[in-house]
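> Each chain is listed here by its residues.
There are 4 protein chains.
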Amino acid sequence: MQIGMMGLGRMGGNMVRRLMHAGHECVVHDIDPKSVAALASEGAVGASSMEELVAKLDKPRHIWLMLPAAITGGVVEQLAALMEPGDTIIDGGNSNYRDAVDLAARLAAQQISFVDVGTSGGVHGLERGYCLMIGGPDESVRQLDPVFATLAPGGDDSAPGTAARGYLHCGPSGAGHFVKMVHNGIEYGMMAAYAEGFNILKAANAGKQERSADAETSPLSEPQYYQFDIDVGQVAEVWRHGSVISSWLLDLTADALAGDSELSQFGGRVSDSGEGRWTVKAAIDTGVPTPVLSSALYSRFASQGHSVYAEKLLSAMRLAFGGHFEKKG
Amino acid sequence: MQIGMMGLGRMGGNMVRRLMHAGHECVVHDIDPKSVAALASEGAVGASSMEELVAKLDKPRHIWLMLPAAITGGVVEQLAALMEPGDTIIDGGNSNYRDAVDLAARLAAQQISFVDVGTSGGVHGLERGYCLMIGGPDESVRQLDPVFATLAPGGDDSAPGTAARGYLHCGPSGAGHFVKMVHNGIEYGMMAAYAEGFNILKAANAGKQERSADAETSPLSEPQYYQFDIDVGQVAEVWRHGSVISSWLLDLTADALAGDSELSQFGGRVSDSGEGRWTVKAAIDTGVPTPVLSSALYSRFASQGHSVYAEKLLSAMRLAFGGHFEKKG
Amino acid sequence: MQIGMMGLGRMGGNMVRRLMHAGHECVVHDIDPKSVAALASEGAVGASSMEELVAKLDKPRHIWLMLPAAITGGVVEQLAALMEPGDTIIDGGNSNYRDAVDLAARLAAQQISFVDVGTSGGVHGLERGYCLMIGGPDESVRQLDPVFATLAPGGDDSAPGTAARGYLHCGPSGAGHFVKMVHNGIEYGMMAAYAEGFNILKAANAGKQERSADAETSPLSEPQYYQFDIDVGQVAEVWRHGSVISSWLLDLTADALAGDSELSQFGGRVSDSGEGRWTVKAAIDTGVPTPVLSSALYSRFASQGHSVYAEKLLSAMRLAFGGHFEKKG
Amino acid sequence: MQIGMMGLGRMGGNMVRRLMHAGHECVVHDIDPKSVAALASEGAVGASSMEELVAKLDKPRHIWLMLPAAITGGVVEQLAALMEPGDTIIDGGNSNYRDAVDLAARLAAQQISFVDVGTSGGVHGLERGYCLMIGGPDESVRQLDPVFATLAPGGDDSAPGTAARGYLHCGPSGAGHFVKMVHNGIEYGMMAAYAEGFNILKAANAGKQERSADAETSPLSEPQYYQFDIDVGQVAEVWRHGSVISSWLLDLTADALAGDSELSQFGGRVSDSGEGRWTVKAAIDTGVPTPVLSSALYSRFASQGHSVYAEKLLSAMRLAFGGHFEKKG
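Protein chains in written order, with our numbering: chain A, 9 to 337; chain B, 9 to 337; chain C, 9 to 337; chain D, 9 to 337.
One should not assume that every hint holds.
Where chains are identical, the list cannot tell them apart; a pair therefore holds if satisfied intra-copy or between any two copies.
Unchecked claim - As a list, the in silico DSS-like pairs of lysine-lysine whose alpha-carbon atoms are at most 30 Å apart:
#: 1; residue 1: Lys289; residue 2: Lys67
#: 2; residue 1: Lys336; residue 2: Lys42
#: 3; residue 1: Lys42; residue 2: Lys67
#: 4; residue 1: Lys336; residue 2: Lys67
#: 5; residue 1: Lys336; residue 2: Lys289
#: 6; residue 1: Lys216; residue 2: Lys42
#: 7; residue 1: Lys289; residue 2: Lys216
#: 8; residue 1: Lys216; residue 2: Lys336
#: 9; residue 1: Lys42; residue 2: Lys289
#: 10; residue 1: Lys216; residue 2: Lys67
#: 11; residue 1: Lys42; residue 2: Lys335
#: 12; residue 1: Lys289; residue 2: Lys335
#: 13; residue 1: Lys336; residue 2: Lys64
#: 14; residue 1: Lys216; residue 2: Lys335
#: 15; residue 1: Lys216; residue 2: Lys64
#: 16; residue 1: Lys335; residue 2: Lys67
#: 17; residue 1: Lys289; residue 2: Lys64
#: 18; residue 1: Lys335; residue 2: Lys64
The set of hints was computed from the structure by calculation and includes no laboratory data.
Can you make the complete structure from the sequences, with help from the hints?
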C-alpha cells in the first residue's frame with residue numbers, strides 16, 4: 009500500500025527500506041533534504057515539505073512519523089491542519105502514551121485518526137523486523153495492516169491473531185505506546201539483572217585482593233570463598249545455550265564481552281530515555297509495586313551523578329555522630 | 009564413556025536418558041529401587057547400593073550426584089570412603105558453591121577429585137540439552153568432556169572453546185556452582201522484571217474502576233490515562249517476535265498466559281530455593297550493589313508472608329502519630 | 009489576629025483551639041453544623057456558610073482550609089469567587105503541591121493570594137504544636153506570621169529566622185506543600201527502616217523453629233545463630249535512650265509495642281495517602297535516585313494486595329521451566 | 009565497682025572517663041603506652057600488659073574490650089588463657105554477633121563468661137551516655153549492672169526494667185551484638201531516607217536549569233513545577249520542631265547543613281562498617297524482606313565505586329541493540 013513517512017533517521021529510514029523491499033510505495037519527507045534524496049535514490053517518492061508530502065498521498069492518507077518525542081506533538085498538530093477527515097497520522101516514536109491519548113482526542117474532532125505504534129527492535133529491525141505495539145481506532149489499524157505485517161518480523165501465518173507475527177493492536181489510542189512503555193521498563197529491569205550478575209562474577213576474586221585494614225573498610229570475612237577469576241565473556245556465551253536466562257539481550261551481551269570483557273571503551277554513564285520513568289510513574293499512579301523496575305532506573309540516575317548530594321549528606325552525618333572522616337579514593 | 013549416576017529424580021533420570029541415547033554407559037543408583045529398575049529397563053546398569061555402584065565402575069571412576077542440596081554433602085563423604093585415588097565425584101545439584109570449595113579441599117587429601125556442575129535447563133533439558141557450568145581440576149574436567157558434550161545442547165563445533173556448545177569449565181572447584189548461583193540470581197531478577205511489567209499492564213484499566221473516596225485511599229488523579237484493557241497473553245506473544253526483551257522465559261510466559269491470562273490456578277506464593285539468597289550474600293560480601301536481584305528476592309519473601317509483622321508495625325505507627333485506623337480488606 | 013478556618017475535623021478543630029488559646033479570633037465554618045457549634049461553644053465565631061464566613065471577616069481576609077485534598081481545589085475556586093483583591097486563602101491540607109502552583113497562578117489574576125502550608129504533627133499537634141512548611145507570596149506570609157507562630161511549637165526566639173520555632177517560609181506558592189511532600193516521603197522511609205529492623209528482631213529465633221524439608225523451602229544453613237527470643241518492646245525502649253536512631257517515631261513505636269508486642273490488633277494493610285507517591289514521582293522527574301523512599305512505598309502497595317498478579321506470574325514461570333508446583337500456605 | 013578496660017581509643021577512653029567520674033575503679037591497658045599514661049593521669053590504674061591487667065584485678069575479674077572487630081577474637085582467646093573460672097570478658101566493640109555466639113561457647117568450657125555489649129552513642133556518649141544492648145549469662149550481666157547503669161544515659165529509675173535507663177539485657181551471648189547489628193541496619197535506612205529526601209529538595213529547581221535536548225537526555229516535561237530554590241539547612245531545622253520525622257540524626261543533619269548546605273568538604277564516598285552487611289545477611293537467612301535496609305547499603309557500595317562495571321555493561325548493551333553511544337560527563 010501507499011504510506012507517507014516523515015523523519016528519516018536511523019529508525020525511519022530503515023523502516024522505509026523494509027517497506028519498499030516488500031513493494032509498498034513510500035512518500036518520504038525529512039527536514040534534511042539529503043535524507044530525502046538518499047531514499048529517493050532507493051525508490052521512494054521524495055517530498056520537500058509537509059505540504060508536498062500530504063499532496064502526494066492518495067486519500068485516505070496515512071502518514072507515519074518517526075521523530076524525536078520532544079517535537080512529535082507539534083508536528084502532529086501542523087500536519088493535521090493540512091489533512092482531511094478520514095486521514096490517519098501514525099506516531100511510531102518513543103512518545104509518552106499520554107500524548108497519544110490527548111492528541112487522539114483532539115484529532116477526533118477533525119475526524120482524523122491517530123494511531124500510536126510502539127516499535128522495538130532497534131538497529132537490527134531492518135533485517136529482523138520490528139515488534140509493533142499498536143493503539144488506535146479499529147478502522148485505521150485495519151487499513152494499515154499491510155504495513156504492519158511488512159514491518160513486523162512475520163512468523164506463523166496460521167496462528168490466530170497477529171501477535172505471533174510480531175504486531176498487535178493493543179487497544180485504543182495510547183495503548184500502543186503504553187505497552188511499549190512497559191516493554192522498555194521491563195527492558196531496564198532485565199538489563200540491570202544481567203549487569204548486576206556479571207558484576208558479581210567480576211568480583212568473584214575479591215578474596216585474592218589486598219584489602220585495607222582501616223576502620224572505614226568493611227572486612228571480607230571469608231576470603232577463601234572469593235578466589236575465582238571468571239571469564240565473564242565465556243560465561244555469557246555458555247548461558248546462551250540451554251539456560252533459563254537465555255535471551256536476545258544476552259546474545260548481544262555475549263558479543264560485547266567477547267570483544268573486550270573489561271568494556272574499557274565505556275565509562276559507565278547510562279542514559280535513560282523517558283519510558284523507564286513513565287513506567288514507574290504509571291505503576292505509582294495505579295499502586296503497583298515495581299521495586300525491580302525502579303531499582304534499574306535509579307541505578308541509571310546514579311550513574312549520571314545524581315546521587316552525589318545524598319552521599320555527601322551521609323558522610324556529613326557519619327562525621328557528626330561517629331567522628332568518621334571520609335575515606336579518600 | 010562410562011559414568012555412574014546417583015539420584016534418579018526428574019533431573020537425574022533425564023540426564024541418564026540423554027547420556028544413554030548418545031551411547032554412554034550409565035551405572036545408576038537411587039534409594040528408590042523402582043527408579044533404578046525403570047532406568048535399567050531402558051538400558052542402564054542398575055546398582056542397588058553405593059557399594060555396588062562403585063564396584064561396577066571401571067577405574068578411574070566418575071560418579072555424578074543429582075541429589076537434594078541438603079543431603080549431598082553427607083553422601084559425598086560416604087561415597088568418598090568407598091572410592092580410590094584418581095576417582096572423581098561430580099555434584100550436579102543446586103548446592104551452595106561454598107560446600108564445593110570445602111568438599112574439594114577435603115577430598116583432595118584422599119586424591120579424589122571433586123567437580124561441581126551447575127545445571128540449567130529444567131524440565132526441558134532432556135530434549136534441549138542442559139547448560140553446564142563446571143568447576144574442578146583440569147584433569148577430571150578433561151576426562152568428563154564426552155559426558156558434558158552430550159548433556160549440553162551442542163552447537164557450533166568450529167567455535168573456539170566449549171561455551172558455544174553449552175558447557176564451560178569456569179574455574180577450580182566451586183566455580184561451577186558459583187556461576188550457577190549468579191545465573192539463578194539473574195533469573196530471579198529477569199522473572200521479576202517481567203512480572204512487574206505484566207502487573208502494570210493488568211492495572212492499565214485502573215481508571216475505569218470505582219475507587220473508594222476515603223482518607224485511607226490514595227486518589228487516582230488522572231483516570232483518563234488508565235482506561236486500557238490489555239490482553240496480556242497477546243502482549244507476551246507479540247514481544248516474543250523482534251522485541252528487545254524476547255527470551256526463553258518470555259516464551260514460557262506467553263505459553264502460560266495463553267492458557268489462562270488470569271493465572272487462576274496460582275495463589276501467588278513464590279518459593280525460593282537458595283541460590284537467590286546466596287547470590288545476594290555473595291554480593292554483600294564483595295560489596296557489589298544488587299538492588300534488582302535483592303528486590304526480586306524480597307518480593308518472594310513477602311509472597312511467603314514474611315513481611316506481615318513489619319506491616320503491622322507500620323499500621324501501629326500510623327495510628328500513633330496520625331490517628332489513622334487500618335482500612336479493612 | 010483574626011482568621012477564618014474552614015474544615016473542622018481532627019486537624020482543623022485542634023488548630024482553632026490552639027489559636028484561640030493564644031488569643032486569636034477564629035471565625036469557623038464546616039459543612040457539619042455540629043462541628044461549628046462545638047467550636048462556637050469554645051469561643052469561636054461560627055459561620056453557617058462560606059458566604060457568612062467571608063462576610064464575618066475583616067479585610068484583608070485570611071481563610072485557612074483544612075479539607076480533604078480531593079475537594080480542596082473546588083472549594084478554593086468557590087471561595088475565591090466570594091473574596092476580594094488583597095485577601096488570602098491558605099491551604100493547610102495534604103494537597104499536591106502542583107495544585108498550589110496552579111491555583112496560585114489562577115488566583116493571582118484576581119489579586120487573591122494563595123498560601124500553601126504543609127502541616128506535620130498529627131494528633132499531637134494541639135499540645136506539641138505543628139511543624140509548618142509554608143509557600144506563598146511574601147506579603148501574605150508576613151501578615152500571617154502571628155498565626156504561624158502560634159500554631160508552631162515555638163522555641164528559641166533568639167535564633168535567626170523562624171525555623172528554630174517550627175515554621176518556615178520555604179518559597180513561592182507550592183514550596184510549602186513540596187517540602188511537606190518530601191517530609192512525608194522521608195517519613196515513609198524512616199517508618200520502613202524501623203519496621204524492617206523489628207521484623208528481623210522478631211525472626212531472630214528462626215533457628216528454633218521446625219522448618220519444612222521440602223524442595224520448595226530454602227534451608228536455614230546455620231540455625232545456631234538464630235536462637236534469640238528478643239523482647240522487641242524493650243529493645244524499642246532502650247533505643248530511645250542515647251542511641252543514634254532515637255526519634256519521635258521510635259518513641260511512638262515503643263509505646264505501641266509496650267502495649268502488645270505482637271500488634272495483634274493490626275492486620276498489616278498499610279494505606280498510603282498520596283505524598284509518598286508524589287515524592288517518588290518528583291524524584292523521577294528530576295532524575296534523583298530514591299531507592300529507599302520507593303521501597304517503602306512499594307511495601308505499602310504490596311500490603312494492599314497489589315503484588316498478587318506479579319506473584320502468580322512468577323509461580324507460572326517456575327512451573328513452566330522447572331516443574332515447580334506452588335507450595336500451599 | 010572495679011573493671012578492666014582494654015582498648016583506649018575514642019570510645020574506650022571516654023567510657024573509662026564516664027566510669028571513673030561515677031566512682032568506679034578502672035584498670036586500663038592499651039598497646040599504646042601513651043593512652044595508658046593519659047588515663048592513669050586522670051585516675052585510672054595503668055597496666056602495661058595483658059598479664060598485668062589480669063593481675064591487678066580482683067576476682068571475679070571483669071575485662072571490657074573496646075577493640076577493632078578484626079582483632080577482638082584473637083585477644084579474647086589470649087586473655088582467656090590468663091583468666092580463671094568465674095571471670096568475665098566483655099566485648100563492647102562492633103563485632104559480628106556470630107563471633108560472640110562462638111566465643112561464648114568456647115569460653116564456657118573454661119567457665120569464663122562472655123558478655124557482648126552493643127554500644128551506640130558515638131562521640132557524644134561521654135556526655136550523653138551510651139545506649140547499651142547486652143547479651144550474655146544472667147549472673148555476669150547482674151554483676152556488671154553498676155557499670156552498665158553508669159555508662160548508659162540513665163533516666164526514669166521508677167520504670168520497670170532497665171530499658172528506660174538506656175541499657176537492656178537482650179538475651180544469651182550474641183544477643184547484644186545482634187540487636188546492635190539491627191540497630192545499625194536501621195540507622196543506615198534512616199540516614200538514607202533523609203539523604204534521599206534532601207537530594208530531592210536540592211533538585212526542586214531543576215526546571216530552572218538549561219537541559220540538553222539530545223536523545224540521551226530524558227526531558228523534564230513540566231518544568232513549571234520545579235522552580236523552587238529550597239534552603240535545605242532551614243528545612244532541616246524546621247523539621248526538628250514538631251514534625252513526625254524529628255530525630256537525633258536530624259538534629260545532627262541540621263547542624264551540618266547550617267555550616268555549609270553544599271557540604272563542599274565532602275566528596276560522597278560513604279564507608280560501611282560491617283553491621284549493615286550482617287543485618288541484610290541475617291534478614292536473608294531468615295527470609296525477612298528488607299528492601300529499605302538493603303537499598304541503603306547498596307547506595308553506599310555504589311558510592312565506593314562498586315557499580316561501575318555493571319554500568320559499563322548497560323552502556324555496552326545499549327550500544328549493541330540501539331546504537332546509543334555513551335554520553336560524556
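> Please go over all the hints and tell whether each is borne out by the structure.
Verification of the hints:
no., hint, in the structure
1, Lys289 to Lys67, "neither (39 Å within a copy, 43 Å between copies)"
2, Lys336 to Lys42, "between (52 Å within a copy, 28 Å between copies)"
3, Lys42 to Lys67, "within (27 Å within a copy, 67 Å between copies)"
4, Lys336 to Lys67, "neither (68 Å within a copy, 46 Å between copies)"
5, Lys336 to Lys289, "between (37 Å within a copy, 26 Å between copies)"
6, Lys216 to Lys42, "neither (57 Å within a copy, 36 Å between copies)"
7, Lys289 to Lys216, "between (43 Å within a copy, 18 Å between copies)"
8, Lys216 to Lys336, "within (22 Å within a copy, 33 Å between copies)"
9, Lys42 to Lys289, "neither (39 Å within a copy, 41 Å between copies)"
10, Lys216 to Lys67, "neither (71 Å within a copy, 36 Å between copies)"
11, Lys42 to Lys335, "between (55 Å within a copy, 26 Å between copies)"
12, Lys289 to Lys335, "between (36 Å within a copy, 24 Å between copies)"
13, Lys336 to Lys64, "neither (65 Å within a copy, 42 Å between copies)"
14, Lys216 to Lys335, "within (22 Å within a copy, 34 Å between copies)"
15, Lys216 to Lys64, "neither (69 Å within a copy, 42 Å between copies)"
16, Lys335 to Lys67, "neither (69 Å within a copy, 43 Å between copies)"
17, Lys289 to Lys64, "neither (41 Å within a copy, 44 Å between copies)"
18, Lys335 to Lys64, "neither (67 Å within a copy, 39 Å between copies)"
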